[in-house]
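Chains H and L, in that order, are what the protein sequence lines are.
Heads up: the first sequence at position 7 corresponds to 7 in my numbering, and the numbers run straight through without jumps.
Heads up: the second sequence at position 137 corresponds to 137 in my numbering, and the numbers run straight through without jumps.
Keep in mind that the hints were calculated from the coordinates and are not lab data.
All clues given are correct.
From the structure, some residues in chain L lie toward chain H, with a derived Cβ separation under 8 angstroms:
no., residue
1, Val113
2, Met124
3, Leu125
4, Pro127
5, Arg150
6, Tyr161
7, Thr166
8, Leu167
DSS-like, lysine-lysine: derived pairs with alpha carbons at most 30 angstroms apart:
no., chain 1, residue 1, chain 2, residue 2
9, H, Lys72, L, Lys110
10, H, Lys110, L, Lys158
11, H, Lys72, L, Lys158
12, L, Lys158, H, Lys122
13, L, Lys110, H, Lys158
14, H, Lys158, L, Lys158
15, H, Lys72, H, Lys122
16, L, Lys72, H, Lys158
17, H, Lys110, L, Lys110
18, L, Lys31, L, Lys158
19, H, Lys110, L, Lys72
20, L, Lys72, L, Lys110
21, H, Lys158, L, Lys122
22, H, Lys158, H, Lys31
23, H, Lys32, H, Lys158
The following residues of chain L were derived to be distant from chain H, with all beta-carbon distances above 12 angstroms:
no., residue
24, Asp19
25, Leu20
26, Thr23
27, Asp35
28, Thr38
29, Gly71
30, Lys72
31, Gln73
32, Val76
33, Pro78
34, Asp79
35, Thr82
36, Glu86
37, Ala96
38, Ala104
Idealized CB from N, CA, C, for every residue including glycine.
There are 2 protein chains.
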Amino acid sequence: MSLYAATVPQLASMLDNLDLWLTAASSYAEKKSFDPNTLLAARLAPDQYPLVRQVQAACDAAKFAAARLGGKQPPVHPDTETTMDELHTRVRAVVAYLRSFTEADFAGAKSVVVPLSFLPGKGMLGPDYLNQMALPNFYFHATTAYAILRHNGVDLGKRDYIRDMTLRDL
Amino acid sequence: MSLYAATVPQLASMLDNLDLWLTAASSYAEKKSFDPNTLLAARLAPDQYPLVRQVQAACDAAKFAAARLGGKQPPVHPDTETTMDELHTRVRAVVAYLRSFTEADFAGAKSVVVPLSFLPGKGMLGPDYLNQMALPNFYFHATTAYAILRHNGVDLGKRDYIRDMTLRDL
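Given only the sequences and the hints, what does the whole structure look like? Please build it.
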């Protein structure tokens, strides 16, 4: 299986979906006449990250997965977003960054050892890092962002979560 | 990258984690003197699946991924669970089913076309099915189950979500 395919087009596609969830949240806010930016502070538990941090974390998980496996230095995003517009800009910047990678950039992904910032001296082999860390972490933050919006009444459904499927005739 | 590694050990490991989240929920219920089975009906939005269905759906996503890619007929689970104990039994049955697969069972996974029950006549190539459907769907339901428990006060953290990491020295 291609580490590139498992990372770049898939995470870019999911971030495109996340971008649409934020648009749906703003539409809902307009319909209900409230400030959409209030949703950035919404959270499911007092000791869990609010929406803004879930979106930032999903962006970072995708950005670092591509950078570590594709052998490039990732751009810095300082987590200063305070509005829906700024979150859209962040998500779209990471989608563009992901789409700047080619399959060839991932030539060394299978054998790279990715350092773990929270475990000095330790790292994970590329495929283990993707399977055990990057993908679960990405989907954790993307799904929690989705759940926060659903919990606040935004009109979303499973069709908005899984959108792009490469179909074949049987 | 190994389709087997991306599916069997990883999803079994995540279901082991889900099993522990349910145990944490029962401990919390005991501490707060409420019936843990009331949590099975907890949900984040009135038109979203409750905990019991999120757990069943995570189990099914993992079971079908292994069965479709590993070329076996999956066991039937009729979604009749009404207690935490029954949910534990379901999760553990799927973990055991996943761990019955070997790397050799996945020899045809790269070229199999997986039919989609909701799109008659259409299917997805094995790696596309895993990347675009099975993994996002699995993590969606696992994370939503986790979020429902967090929202209800169960003492869980990120350390309970990502547990198994195959580490290397740098």
